[in-house]
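Colleague: Assemble the complex: chain A is given as a structure, and chains B, C, D, E and F must be docked to it using the hints.
Here's the letter readout for the chains.
There are 6 protein chains.
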Amino acid sequence: MRIKICQPTTHDASVEKIRKAVEEVVDPGTEFDVINVKKGPESLESNYDEAWATLFQLNLLEKAEEEGYDAAVSYCFGDPALKAAKEKLTIPVVGIHEPAIHLACMLGRKFSIIGIGGCGGRGYLEDLVKEYGLEHRLASVRSLDMNRAHSRDEQEKERVEQLLIEEAKKAVEEDGADTIVMGCGGFSGFIESAQKETGVPGIDPGKFAVKLAEDLVKLKLSQSKKAFPKPYTKKRSL
Amino acid sequence: MRIKICQPTTHDASVEKIRKAVEEVVDPGTEFDVINVKKGPESLESNYDEAWATLFQLNLLEKAEEEGYDAAVSYCFGDPALKAAKEKLTIPVVGIHEPAIHLACMLGRKFSIIGIGGCGGRGYLEDLVKEYGLEHRLASVRSLDMNRAHSRDEQEKERVEQLLIEEAKKAVEEDGADTIVMGCGGFSGFIESAQKETGVPGIDPGKFAVKLAEDLVKLKLSQSKKAFPKPYTKKRSL
Amino acid sequence: MRIKICQPTTHDASVEKIRKAVEEVVDPGTEFDVINVKKGPESLESNYDEAWATLFQLNLLEKAEEEGYDAAVSYCFGDPALKAAKEKLTIPVVGIHEPAIHLACMLGRKFSIIGIGGCGGRGYLEDLVKEYGLEHRLASVRSLDMNRAHSRDEQEKERVEQLLIEEAKKAVEEDGADTIVMGCGGFSGFIESAQKETGVPGIDPGKFAVKLAEDLVKLKLSQSKKAFPKPYTKKRSL
Amino acid sequence: MRIKICQPTTHDASVEKIRKAVEEVVDPGTEFDVINVKKGPESLESNYDEAWATLFQLNLLEKAEEEGYDAAVSYCFGDPALKAAKEKLTIPVVGIHEPAIHLACMLGRKFSIIGIGGCGGRGYLEDLVKEYGLEHRLASVRSLDMNRAHSRDEQEKERVEQLLIEEAKKAVEEDGADTIVMGCGGFSGFIESAQKETGVPGIDPGKFAVKLAEDLVKLKLSQSKKAFPKPYTKKRSL
Amino acid sequence: MRIKICQPTTHDASVEKIRKAVEEVVDPGTEFDVINVKKGPESLESNYDEAWATLFQLNLLEKAEEEGYDAAVSYCFGDPALKAAKEKLTIPVVGIHEPAIHLACMLGRKFSIIGIGGCGGRGYLEDLVKEYGLEHRLASVRSLDMNRAHSRDEQEKERVEQLLIEEAKKAVEEDGADTIVMGCGGFSGFIESAQKETGVPGIDPGKFAVKLAEDLVKLKLSQSKKAFPKPYTKKRSL
Amino acid sequence: MRIKICQPTTHDASVEKIRKAVEEVVDPGTEFDVINVKKGPESLESNYDEAWATLFQLNLLEKAEEEGYDAAVSYCFGDPALKAAKEKLTIPVVGIHEPAIHLACMLGRKFSIIGIGGCGGRGYLEDLVKEYGLEHRLASVRSLDMNRAHSRDEQEKERVEQLLIEEAKKAVEEDGADTIVMGCGGFSGFIESAQKETGVPGIDPGKFAVKLAEDLVKLKLSQSKKAFPKPYTKKRSL
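Going down the list, the protein sequences come from chains A, B, C, D, E and F. When you line the first sequence up against numbering that gives the first Met the number 0, it's residues 0 to 237, in that order. When you line the second sequence up against numbering that gives the first Met the number 0, it's residues 0 to 237, in that order. When you line the third sequence up against numbering that gives the first Met the number 0, it's residues 0 to 237, in that order. When you line the fourth sequence up against numbering that gives the first Met the number 0, it's residues 0 to 237, in that order. When you line the fifth sequence up against numbering that gives the first Met the number 0, it's residues 0 to 237, in that order. When you line the sixth sequence up against numbering that gives the first Met the number 0, it's residues 0 to 237, in that order.
Calculated directly from the structure, the hints in this document are not laboratory data.
Any copy, or any two copies together, can satisfy a pair, since identical chains are not distinguished.
Below 20 Å or equal to it, Euclidean Cα-Cα: the simulated SDA-like pairs (lysine to any residue) are:
| id | residue 1 | residue 2 |
| --- | --- | --- |
| 1 | K224 | S192 |
| 2 | K217 | F31 |
| 3 | K156 | G188 |
| 4 | K16 | E153 |
| 5 | K224 | T89 |
| 6 | K217 | V25 |
| 7 | K38 | Y231 |
Bound-form chain A, shown alone (with noise of 0.2 Å):
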């Protein structure tokens, strides 16, 4: 089974730090490979950002079967182009956003997202609740009030770590949040701190998407062509 993981922004260097997380979770019998966009944004954490990312995305997405993927991931918690990529392709494509809420509402009742990008970002994660039908799962969206791309710098990852904590800890004790959602695919690395600070499932969005595109090659399961039917033959320019 190969699955192909899409990043949407031009940081390189967030291409090792996802292979790293999915190597501890993927099965032995998996092969993947990490890939990120040459063009758009350096992060996504809005509409606008969003906007810059989509065909590019897009563009890694549908390739992806021609190269013989079993399962494609797009692999950022506002699951650019899943939608356009789920009608153009024939193997499963999964986003990190939507799997992640969906176990959620069955490890919980209430769960909380904590974001990036002030509230701008919240907003932005608001309506990808609201498009997936979940928002009465939702407790909140908390998002730290800074740019992503400076949130990466390494004398920052202390900091953010903290104040994602703090905001985990609010979730659970003023918003009635009994699970939280990383709500980024880079905070892999703070799941650990959250939970055991929180006492509550922490779930990592990336980390599932992979599994449930295994769980679905391995169930012969792909998204409903006549949901998501093949777009029209037309021209379209880039």
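Modeller: Relative to chain A, chains B, C, D, E and F alone:
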């Protein structure tokens, strides 16, 4: 007052058609320009097409503010780049889908959308209605089973009109709609016969969008910057 | 184009206030008259007041069509007699609550209404938001704890403005509103300071209602007679 | 225990009909009076009729408290003046629509209402179900295409019953209803045949309303004055 | 009329307590018996307890019909075995949670439940409100942080009452409740002080359930057998 | 990794059938045992059957933790004892209905469930979908009009398959489903033909449940103990 109308397909002939439709309803004191993208899809009726159109449409909308326009319209029933532009711009930006269905809710109890693009187009538009939070007022989306790019052929015009009227009548008689919304910016010419044949109001989304843009300018209102804050400064390449 | 604006309280001084507010935004080619009921309540902020106002307001609205007006506005945030008039009349009739909250949904994600009439007024307005099907976008109704009839005293004006701004700020800071709707037709004078103090858009429901009435006339649209059919002929006495 | 039953139409003959229906179910220790308005509409099946009935019905209900009744019933399926009376009165006031559909939710999963007044009547009743927040349990409103005022003619009785049974059967067989609610206070006589023909429970809204009024008095319960506070004192003229 | 009241815990002393509460409100012509299970949990405040109680409670309820009762009540706020008994029996079966929250919706806009069993009890009761489809009217479930089995100790009574009143007050002042529902069949004794301290109606679920059972018998109504059909005959062993 | 699969009916032959289905998809490193209850119903398709099965199923699931399993599955489409077991156990417990419908939401827009047990079975499963909060994605539950216990007869197999395919086709063609979920743990054998005949994905709930259990163990996740806290210690007898 100056309004910029942006059309997100490479189909140049649409520009003149839109200009004529808008001229019929615009206030005497309003100047407007219609412009279309030079790259992207030749028509837009799926998530896949939208992914191809968004960035180019966003660039047109973004320039409106620099060029001194008082408002901008994303003139396509998929409202491509709308939320991204609401974030980036200070001047009011409106789509044509969002205003049309809000208006439909004020004129009746249940509306149907008559769109195009087969079952893919239907799902695409249903998702937008949900995103705008008005699915409880939706009687149905009915979608002509055609590629929008082909439906523009002169020899198809009569057939398109006939199919469209048929679907509108079914929406009223079978689905319980009491108001019809045209699900494409290019269906202006069919409103009159649709209203006559169904006996219910038919909304031309493009025309109302332009009136709403004028209203916003006169009322000195624009999208909330708390809801749609300016994106962070970062590297983004095309 | 001639528009009739009907005010459902016996407070005659409101007529001139409304005329001034409307004049600021109306199109040059639009004529309008403002008239109020001669029987009914002196102010309206509860179901009880509405029950006293409805029939007299309906009679004013009904006459608009005979008098040759092109549209009628029920100019009070309780939208009294609105659905009854939509049934009886062929010309478009609009309330001021219904358009205002639909507009709020297009400008932001969550709106708050700042009304009057204590907790009775709050419940009354919350019910209307539900009736219009937009409660999922409502951050809060905040209601000044005053009898509207007293709040009009000249010596109360400053205090009313101050309380209103306080509540608007709480709506934005505590309840998550990103858009404010004035919950009374007579709050036009406070919009500017409310916007300035909160930093979010503030909607004057009366002004937008008049613009929408103009739009409907220009677009040749009116309420669906399938949704709001003419009432049967029968004996009705007053 | 004394209950006042108020009927909001000028159709005097209804008074005796209601008295007979209520007598069949009332407790031995309960006294009740039935009274109707002297001004207003002769029947009520639209928002327009309700606007004509509300103030006169409110006045009947208001007097109940002064007259020493323990509870009051607004005996019409449109529940006219119900919320206004809940505000003004301290003794319990109940409508007949609101209790009937709550009861239907306890007896089955999906209910249908069989009302009268054509598509206008249907929309009117659907809106009430939404106002009461139970639209997710509504299978359908089916509405006889008749003016209620005419349907009372003796020679129409058989035809009304036949049509009503037909609609009730369609509600069960086509719309998925498992419980039927009679959508008019004057349909008591048709319950038995409707139940027999459809095989599902049929709720007579007037009878249950009176039982509920008795229950509230025995349980010493009334509408919450926090939800329905006393209206402010002010000038109101009729 | 004979009603059987079934209590699903092995706590025998509850039987007499329930008998006394019911006697206060039952009609003069109504006979009733109270009986409890001999196996199962000693109190019920979680899904786990419910799983232990359901089959034994079902057996009590099932026998009611053979024994000639006219109606049966599952007298516990978890409504254990309610839907199963609605399927098996022809005579009306009512829970106490379901009627209580429907009644709360008729008395106010938002209700809170004051239950017991810590955060487990809270989640358990919130799920039931959702199952009954009334979560949009729920202000909050507040749950005493105690094992129900211990809370019955005579020396705990005062403390329980005090905590319960505190939570009821918070529900009204902080959560926006205008109506209180006691979330346990054994809280009858606290209604009076809760109403007095909060100023809003307090519903004793057990008492209203018995009144509703009487109403159903008088109105000759029972659960819809289309919604709750008789189970198939098959082998079932205990 | 060791997983315990619990089947809540006394039908012993199901054990081997389940074993075979699970073997097809389980990871090489996963050990699993299938066990069924010794008391309870011989099949489960109603609330009544569930009431007979719950306690015995709970006991099987409870022992899983003592026996050292890493996860437990309640292998029946009614998910009996699921929430009770989530409370009692620390290891992950999954049902098969809950994961299946969440997966269906990720593969398409609208799903239908093809179950068994006539209209009683249909209502039973519709309630579960609501309990899981996904009714807005449900196209329909279609239910074979058969006693599940009889449908297992060897001579019925072909007829069951035929009926099931017919219902699946109607779900897709008439109800708008784009994804099918098998509404019984024993319908594994019909997935392939159902997918072929309808052209949409068909989900075998049992198989996905086992994959999800594996995923949870690998991701070190389990149900939130804040949502499903340990029940209090008290007397419970069987």
